[in-house]
Structure formats: structure tokens, C-alpha cells
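Chemist: Here the numbering used here is used: the first residue of the sequence shown is 1, the next is one more, and so on.
Keep in mind that the hints were calculated from the coordinates and are not lab data.
Among the clues, some could well be false.
Calculated cross-link-like contacts (lysine-lysine; reagent style DSSO-like; alpha-carbon spacing at most 30 Å) [claimed, not checked]: (1) Lys78 x Lys93; (2) Lys78 x Lys102; (3) Lys86 x Lys102.
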Amino acid sequence: MLCGCTTTSDGPPLGYRVFGSDPDVDPRYRRQEVAYTGPEPPGTIVVDTGARYLYFVEGGGVATRYGVAVGEEGLSFKGEATIGRKAEWPSWKPTDDMIARKPRLAQYADGVPGGPDNPLGAAALYLYQGRQDTMFRLHGTNAPWSIGHAVSNGCIRLTNANIVDLYARTHVGTRVVVI
Numbered sequence: 001m002l003c004g005c006t007t008t009s010d011g012p013p014l015g016y017r018v019f020g021s022d023p024d025v026d027p028r029y030r031r032q033e034v035a036y037t038g039p040e041p042p043g044t045i046v047v048d049t050g051a052r053y054l055y056f057v058e059g060g061g062v063a064t065r066y067g068v069a070v071g072e073e074g075l076s077f078k079g080e081a082t083i084g085r086k087a088e089w090p091s092w093k094p095t096d097d098m099i100a101r102k103p104r105l106a107q108y109a110d111g112v113p114g115g116p117d118n119p120l121g122a123a124a125l126y127l128y129q130g131r132q133d134t135m136f137r138l139h140g141t142n143a144p145w146s147i148g149h150a151v152s153n154g155c156i157r158l159t160n161a162n163i164v165d166l167y168a169r170t171h172v173g174t175r176v177v178v179i
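Using the sequences provided together with the hints, build the complete structure.
Modeler: Written as C-alpha cells, this is what we have:
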């Protein structure tokens, strides 16, 4: 008996993997392994806000690339930080500045508990500089259609599946570079 499987595809180059298929996310922003030639060591997170990608550097010239949503003009974090805290299904409360910019957020002034309606999604990685919380996060989203766009109040959004994957790969102290 002869068995086998063949496919023809214009998919990613041989040796790289594409993960998942969220119909709300443009295919170019789906998680995949890619070549990485940057200077950052394995275990570092690099966020390219202009390209709307986050890279988790694996080593050996490879990174896992995730599509992200970034902050609206003038609201983005740039620079270096470390993950100072991690939370699964975190609660969320808009800051006073967020409410001033978007008054409709006042309805959430008392906070939103963790869960599927929470804008932080399934998990959050809190960015710190030294012992100071920057108030910027890498987090999931209840709006996966936003991936690839500049729509947030400054945080870096990933799909819930991708933040769960990244959450498992990182630890408190992981270095994050946002360019």
C-alpha cells in the first residue's frame, strides 16, 4: 500500500511555520517563525511599531513573529523595558487621561473584571523601567480585527492566542525593546 500526502502552496518558505488562522486577522499578521538577523539575544522581545510586528528572538537566526496593534499617533511607548509583572485574564481600568481623550470610556471608570469582554484579553505583560510601571502593556484583545493598526491608547495588542503563547515563553525580567 502506498500512502502519502502532497500539497502545493505559495505558503511560507520551507523550514518556517505559520500558526493558527484567525479570520479577523489579516494573514500577513499571523504568528510565524521567521529569519532574524538583529542584534538582540535569545529571549528578547523586539516590537517594531512601524511594521506592526513583535518578535520573540529564539536564537539560531530565528524569531517568532506576531502581528500587533499599536498606539494611536502620539500614544506609543518607545525604548527599553522589562516585564515587571504578568497576569492572566487581568482586570482593566481606564486611566484619567484615557477618559479625557475618549469620554465614552467613563462607563468603565470602576474597572472591568477579567474575561472575554475585557480589552486586555487573556493575558497581560506589564512593562517596567527599573521598579517603575510604565503603564504600557503587551496584552491580548477582545478586538482581533485591530491587529495591524494603530488604534490603542499606547499598549501593544496581540490576539488572545498569541498573547497566551508569548506569556508562556516569557518571565518577569524579560527584556523588551520597542522601536
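Chemist: Are the hints correct? Go through all of them and say.
Modeler: Here is how each hint holds up against the structure:
For the given pair, Lys78 sits about 22 Å from Lys93 by alpha-carbon distance, which is consistent with the 30 Å threshold. Among the hinted pairs, Lys78 with Lys102 is consistent with the structure: their alpha-carbon atoms are about 22 Å apart, no more than 30 Å. The straight-line distance between the Cα atoms of Lys86 and Lys102 is roughly 27 Å, inside the 30 Å bound, and the hint therefore holds.
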